[in-house]
Each structure stands twice: as structure tokens, then as C-alpha cells.
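Participant: Starting from the known structure of chain S, fit chain H onto it as the hints suggest.
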Amino acid sequence: MKSGARYWFLQMKRVGKILPAVCLFTLVLCIGIGGLLYALVAENENDEKNIRFRIGVVGDTNESYLGFGISALQTLDSSRHTIEFAELTETEARTQLKDGTLDAYIVIPEDFVSAIVHGEVRQLQYVTTPQAADFSTLIRDELLDTVSVMLIESQKGLYGFIDAVDQVKAADRGEHLDRLNRQYFSMILSRDALCEVEIIGTVGGASLMGSLFCGLAVFYILLSGISFCAFFIRREKSLSCILRAAGMPVPVQIFCEYGAYVCGLFAVTVLPILLLCCTDAPAAWIPEWDAEYTAVFVCSTAGVMLCLAAMQFCLYELSSGVTGSILVQFIVSLAMAYVSGCLYPVYFFPETVQKISPWLPAGAAQNCLASALTGENAGVQWLVLLLYAAVFLGIAVLVRRKTMTAGTEADG
Amino acid sequence: MHIDIEHIRRSFGRKTVLQDISLSVSSGMCIGILGGNGSGKSTLLSILAGVLTGDGGSFLCDGTDLLRTPKQRETIVGYVPQGTPLFGELNALDNLRLWYPADDLRLSLDQGVLAMLGIPAFLKTPVNKMSGGMKKRLAIGCAVAKDPQILLMDEPTSALDLACKQIVAAYLNEHRQNGGITLLTTHDTAEFALCDKLYILRDGVLAPYEYDGNMRELVDLLS
Numbered sequence: 001m002k003s004g005a006r007y008w009f010l011q012m013k014r015v016g017k018i019l020p021a022v023c024l025f026t027l028v029l030c031i032g033i034g035g036l037l038y039a040l041v042a043e044n045e046n047d048e049k050n051i052r053f054r055i056g057v058v059g060d061t062n063e064s065y066l067g068f069g070i071s072a073l074q075t076l077d078s079s080r081h082t083i084e085f086a087e088l089t090e091t092e093a094r095t096q097l098k099d100g101t102l103d104a105y106i107v108i109p110e111d112f113v114s115a116i117v118h119g120e121v122r123q124l125q126y127v128t129t130p131q132a133a134d135f136s137t138l139i140r141d142e143l144l145d146t147v148s149v150m151l152i153e154s155q156k157g158l159y160g161f162i163d164a165v166d167q168v169k170a171a172d173r174g175e176h177l178d179r180l181n182r183q184y185f186s187m188i189l190s191r192d193a194l195c196e197v198e199i200i201g202t203v204g205g206a207s208l209m210g211s212l213f214c215g216l217a218v219f220y221i222l223l224s225g226i227s228f229c230a231f232f233i234r235r236e237k238s239l240s241c242i243l244r245a246a247g248m249p250v251p252v253q254i255f256c257e258y259g260a261y262v263c264g265l266f267a268v269t270v271l272p273i274l275l276l277c278c279t280d281a282p283a284a285w286i287p288e289w290d291a292e293y294t295a296v297f298v299c300s301t302a303g304v305m306l307c308l309a310a311m312q313f314c315l316y317e318l319s320s321g322v323t324g325s326i327l328v329q330f331i332v333s334l335a336m337a338y339v340s341g342c343l344y345p346v347y348f349f350p351e352t353v354q355k356i357s358p359w360l361p362a363g364a365a366q367n368c369l370a371s372a373l374t375g376e377n378a379g380v381q382w383l384v385l386l387l388y389a390a391v392f393l394g395i396a397v398l399v400r401r402k403t404m405t406a407g408t409e410a411d412g
Numbered sequence: 413m414h415i416d417i418e419h420i421r422r423s424f425g426r427k428t429v430l431q432d433i434s435l436s437v438s439s440g441m442c443i444g445i446l447g448g449n450g451s452g453k454s455t456l457l458s459i460l461a462g463v464l465t466g467d468g469g470s471f472l473c474d475g476t477d478l479l480r481t482p483k484q485r486e487t488i489v490g491y492v493p494q495g496t497p498l499f500g501e502l503n504a505l506d507n508l509r510l511w512y513p514a515d516d517l518r519l520s521l522d523q524g525v526l527a528m529l530g531i532p533a534f535l536k537t538p539v540n541k542m543s544g545g546m547k548k549r550l551a552i553g554c555a556v557a558k559d560p561q562i563l564l565m566d567e568p569t570s571a572l573d574l575a576c577k578q579i580v581a582a583y584l585n586e587h588r589q590n591g592g593i594t595l596l597t598t599h600d601t602a603e604f605a606l607c608d609k610l611y612i613l614r615d616g617v618l619a620p621y622e623y624d625g626n627m628r629e630l631v632d633l634l635s
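Line by line, the protein sequences give chains S and H. With our numbering as the guide, the letters of the first sequence map in order to residues 1 to 412. With our numbering as the guide, the letters of the second sequence map in order to residues 413 to 635.
In isolation and in its complexed conformation, chain S is listed as follows:
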């Protein structure tokens, strides 16, 4: 195997020759994917700020209970994340509704509160536009539900207040009533305190950001293979024939070339990911990130890289010419990353695709990385990746043998 070692060493030298160009390509790729990740993170963080509907309130809100109720909605109720209230005159409300700065407005009749106190109901008027009608209807129903809860529970609570007030001195009643009101409204409006929301996650138990991070890491490894095109295209095919005749079988050649390719790919994929993992960025973006698992995550990335490198190697053996090779790599990378959920959560796709996705190389790779993030067992995914690597390298050997025979036939 001394000649095998020499062959591998020379293949490493070939990788070294093209590494500067590869690094430049991957730098551009890093900037692109980094920008995409940053945009996704920023978009996710801005969700609370941006997705708010603006509802106008028209009517006399100076009345203490009404004003207190609106204030409680804006500060205590769970709808405060999506709805912003603005106190306006009807003219202002109509104008803003027409120019789109308002999604809808509510008109509160003058005697609304006094009517309720006397046990009568006055209708609220909800005004919106046809364009905003659909989601505005959901908000309207949400608001009606909130107001109904407030009114109904408040009526019941009045009896409790009467008893509570009788026990307090007259001078302290005002302050006591305010305190009771604030407590009462916060109890009524804490509708979401009855249950705890747990988001199970999209891939391998990871959160949305976690699975996106893993998906983009897989996508980055897939695209990095394109930069090594020169390593494969410039390979002299007749040399393979000579080496085989000189006693270096095709599997040994493939293994040596694959080994050199993996070393190069490692330098431009796993190392940058390792550097990224050593910064504070993943902890800031990914809820389940734990610095203690950095080594596990990076090792998983290396393992994933081995499988994807085998796939890229096989594709290069199957394709010919610069244009053909680059196109094949790019199309397969993009299609596989897309269908495997690396770019979009897989639950957006039909059920059939969701079932196939984890069994594709990129899907299994993403699941492996996500499992490394969450600490779950990824035994099945590793088996799938190992099998894929073996199959791809096996295909590469068969294709190389066939190419050698065809090349010799063509020479006559």
C-alpha cells in the first residue's frame, strides 16, 4: 500500500493547489448563507414588532371604566402582541382606514358603560374595509370574546366588590377599589395563563431556528462541493488505467481520491462551522443551543460531511465536462436541500414528501445535526448516512471501471 499512500499524498497536493480558489468561493457562499441566516433571525425577532394590527377606538374613552378596560387590553391581554389600539375621532378613523394606516375601528356609543351598569346592552360598531375583512374578522371575534369575558365576569365580580368594600374604611375605599380592579382585570385578561404553550419543533425535536441552522449547514456543505470541480474535471482518466495496470486497483484509487477530497472539504466546511459554534452567535439564535454540546455538533457535522462528500464524488464520476459537472452538482444540491426541508420547514410540503424527506441524504443529515442540538438519539440517521456513503462510493467504483473500458475501446 506504499503506492496508495503516495497516490493519496499527490491527490492532497492537487487539493492544495485549488484550495485558494475554493476558499474564495466558500467565502462568497458563507456571506450569502450568513446573510440569509441573519435575515431569518432578524425576521423572527421582529415578528412581535411587525405583525400588529391597528384598531381605532372612537368614542368617549375618558369614562374611567372604559379607559381602564382599553388600557388593560393594551397592557395585560395576550392580544396586545398583535393588536394596537389608537384613540381617534370618527373622522380621523375613517381617513386612516381609507389610507390603510388603520385596519378597522370600533365605535363605542356614548352611554355604553352606563347602559351596562344598568343591565342594558348597547351595540358596538365595528368598521373595516373589504381588503382587511378576512383577518379583521378574526380580530373582531377575538375582541368580542375579550370584551364579553370582561363584561360578563365583571358583572359577577361586582357582588364580590360590594362585600370587599364594606370591610374597608371610607377614606381608603377609592384606593382599595382601584387595586381590586387592577387585580380583577389582570385575572380576567390572563386568559393564556391557564395553559403552557410548548413548541415541539420541526426537525429532530429542534426549534424552527435550530432546524434552519442545521438545514443551512447541510446546504452549505452541499454547495461547497461545487468549488472542487477542478479537482475532478482535471483528473487525467488514462492515469487511472495505468495505475490499475500497475497494481493499484480502482477501489484504492477511489478511496485515496475521496480521502483527499474529504480533507479539502473539511477545511472549508467543518472548520468554519466549528469557528461559528465557538462564538456567541448560535446561543443568541438557537433556543436549545448548549455550548457543552459544541463538540458533539461539530463531530456530527464531520460525519454528515463524509456522507455528502461521497454523494458529490459519485456525481462527479457520473458527469463529464465543467458545465455538466457544475450543473449536476448545483441542481442535485438545490433540489435535495429543498425537498429535505433544509430551506423551508418540511411540514409545508405534502405528506408524501414529508415521509420521504428524512430518508434522503440531506434529510438524514439535517436530522443528525438537529439530534446533536437536542441531545436525541440519531442512530437510525447515522445508519442511513453510512449506507448512502457506501452506496455512493460503490457506484463511483463501478462507473470508473466502466469509463476505463469505454475509454480504451474508443482509443481503438
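Please keep in mind that the hints were generated in silico from the structure rather than gathered at the bench. We put the beta carbon where it would ideally sit given N, CA and C, even for glycine. It is possible that part of the hints are untrue.
[To be verified] As a list, the in silico DSS-like pairs of lysine-lysine whose alpha-carbon atoms are at most 30 Å apart:
#	chain 1	residue 1	chain 2	residue 2
1	S	Lys13	H	Lys536
2	H	Lys577	H	Lys558
3	H	Lys427	S	Lys402
4	S	Lys402	H	Lys483
5	H	Lys536	S	Lys17
6	H	Lys536	H	Lys577
7	H	Lys536	S	Lys237
8	H	Lys536	H	Lys558
[As the list claims (entries may be wrong)] Here are some, though not all, of the chain H residues that point toward chain S, as calculated from beta-carbon distances under 7 Å:
#	residue
9	Ala461
10	Gly462
11	Val463
12	Pro493
13	Gly495
14	Pro497
15	Gly500
16	Leu502
17	Asp506
18	Leu510
Facilitator: Below, chain H without anything else, positioned relative to chain S:
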């Protein structure tokens, strides 16, 4: 040393490229094989070199069938194909390192066959910056790393200038004087002078040929 090529045959699909090729060569002889494009010359050499598998036949060297003893064939046979099986991005020294152990390489560059081929003059030149003559000399240098007794050369002087042709010819003469056997394919009448015997490969059959200077007859035979 004596080689006997017996009943070598090869087909690609329905097309029979080699039918029952037989040939005997004694040590110190250089055999030239002529043939038109696609006549099977390269296929024959590929089979003898072990690059391609024949459909039948044997390649005996002093009674040992080299087609069935690859280990022995690797040490006895050197093959220079038509192309240049070299690493384009690397220089001559790196390419030679694939075939030569470190000590043998140094020795050969100083006073051996590599020195004779003039390779030290462009040792650090990347292959993709070499001329055709340099590449061919380097390819020969790589093929003879194990000092083979049998040389198989596919059009060794094609696209070479006169100076390079002379260098290759000088090497082949020395190889022959040392008792080595050379089988080469050629289109070049100038190479005929290097050969002790000529054969013409046509329609899958190998037949002896004597070149008397009649180019027209030769062209008719090859077409």
C-alpha cells in the same frame, strides 16, 4: 527472454477488433505495429499491459502467462499509452514520486534513465505548462520506473519535435541493447527505422509487413 503472444482476441459488442493475434518476440527486438485509426493497435497494447481484459489468449514470457500473473507483469512490463497519464496541476517531480521510491528517483535523475531523457531540465515545471515533448518524455520516465524488460509504447514519438524524437530513439536503442523487448505502435515512417520487424493490423488480423518505401501502397493498406 522470449515472449509469445498467443490467440489474443477482443470484441466490443458485435464489433470484433482483434481476432486471434499471435506474435513471438525475442529479447533485444523492437516490433512496430502499424494500422489505421481504430484498427485495434491501442486495444492490443492495453490488453498486454493489463489495462483491458481480452476475450481470450495468453501473453507468455519465458513460459509464464503475464495476463494471469499481474504481480509479475507489473515488474516486467512498462506501458506508455497514447495520452499523457500525468497530474496536470503538479510538476514533473511530483509525478515521478508516484512511481519511484525516493532513493531510486534521486539515482535515476542523476545518472539513470531520467537523466538520459533530459527530465532534470524541467523537474519543477508544472505538467500543464510543459510542451508535448516534455510530457511524453516524462510519461516514458514514469513508465520505466521499475526498469521493465518489456516496453509497450503507443505512438511514442507522435507530436514530438526532432530533438525529442532523437532522445526517445536513443533511449529505445539502449533498452534494446540491454536485451529489452519493445512493442510500439506507430504511424510515423521515421519510426520504422527503430523497428526490427513490422506488422500491420488490419480487420483484426496481424500480418508481417515489409516497408520498401512505397508510401502509396502503405496508405492503401492502412485505409
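Participant: For each hint given before, does the structure comply? Return the numbers of the non-compliant ones in rising order.
Facilitator: none
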